[in-house]
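Respectively, the protein sequence lines represent chains A and B. Under the working numbering, the first residue of the first sequence is numbered 1, with each subsequent residue one higher. Under the working numbering, the first residue of the second sequence is numbered 1001, with each subsequent residue one higher.
Treat the hints as calculated values from the structure; they're not laboratory data. Ideal placement from N, C-alpha and C gives every residue a C-beta, glycine not left out. Please note that a few of the clues may not be correct.
Stated by the list, open to error - Example chain B residues on the side facing chain A (calculated, C-beta under 10 Å, incomplete):
1) Leu1053
2) Asn1100
3) Ala1102
4) Ala1318
What the hints assert, rightly or not - Taking lysine-lysine and the BS3-like style, the derived pairs with C-alpha atoms no more than 27 Å apart in a straight line are:
5) B:Lys1309 <-> A:Lys43
6) A:Lys37 <-> B:Lys1309
7) B:Lys1051 <-> A:Lys37
Each chain is listed here by its residues.
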Amino acid sequence: MKADFKNWFAALPAIPGMLACGVRQPNGKCLGYGDDKIYPAEKIEKLLKQFSELHEPLAAAEFSPRWTTWAFEYGHIRFVPRADKWLLLLIVSPETEAARELDRVANDFLPPTK
Amino acid sequence: MAKEKKSEHERRILIVDDDADYLATIGDSFRALSEGRWQMCAAASAEAALKILQTEAIELVVADINMPGQDGIQFIGELHRRHPQIKKVVMTALASEEKNAASRAAGANLFLEKPVSPEGLKSVFEKLCELIDWKNTQGFQGVLRSVGLPDLLQMECVGKNSSILELFHEHPLGRIYIDQGQITHAVCGEIFGERAFQKLFTITGGTFELLDFEVPPERTISRPWEVLLAEALRQREQLAQRAQAGKKILTADETAAAPAGQTAEMLISSGAGEVLYHWQCADAAARVTLLQKIAERAEKLIPELQLGKLDRVEIQLADGRAILQPRADRLVFVRVAAPTEKNES
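Could you build all of it, start to finish, from the sequences and the hints given here?
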């Protein structure tokens, strides 16, 4: 993991309203930040796997989503897969700075489109 | 001029708590933190609070849970029914996930733990400031911070309720009549029927209020509410994309005049998977199977996530966006293609 990416990822929890964030590398290694009680690292890792599985049927259909956002009553989950198998998961409180920043963060994570 | 400016920013806040010392402390603290801009009112019980609300223009109510007589959550529920426009916060010393969920279900916009330090007090004050200044720019501000106009319409229709939804944007804009779960009439200025419904639905940045039902002067809408709602969501999505692409905010008249034409697909199915309505779905049955699969998988995650019910799934595509709304009795799916260069101009 490059230092630039680490710094970028480490800055995400500071965005107001960011409840948790996690990233999975192609080798399966995960990195997560979140409240230790509600979102410990193991839970973030599990969520990355679960949302990857949720994403599969959509990817298998003709949609090829760039990302999906799961809007629950008290939190929104943004799942962003990359073609090179990197995965990003963000959990934010609705109507917060973090919720407004979701698109920017997802676009930062994805490689630039041609 | 200075006086006028000050009064513009004055807020009236009501704190409800049976602990007199706490009321005095928090009142003084919030007054100081707001530099006198918050006028603090206090009530030692739900009953006393409701009396104050009859005479004072309160913007925000902060209530404790444990109080003699009506408890804080019951009080918030009653307040929510009587004064849906007032912002509501539950603040307790003994926070738990159950109390949070119960408070939210009763209509609280925020659930907070009572602060025990000056820093905590400042943090709570900042959260309350954010809430009080919060305006929903994505859609109509409703009885709940997290509930939008589509949600409220769905709740009324699925619950087979009868009510009138009145919409405002500085002044009244129009009304949507719901009779036993069916949308029967809409009026927006001089426009009636489905056109009025669509126009009301696409205006952003307003507020709405649920009124007691009255028989409308005429019935101007007959199509099922699911179809109306799906079309309205589709149009709203298109307008949002157009506004974003064009970097301008559309006015109410512009939204009504904006042409449709970017919807790629629309589908409504029953909870059992029966296709109720579809438009441009090459294989509607296969699409329902796929959407049901996603909804079922997501449903299984809900208890673990502790984030409440799943409202919708938004899918960002390379060439547009799609929204899936899974409900127990139906699935609504709308896919919108990204505006083309020609459409944007």
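**Report entry** Contradicted hints - numbers only
**Finding:** 1, 3 and 7
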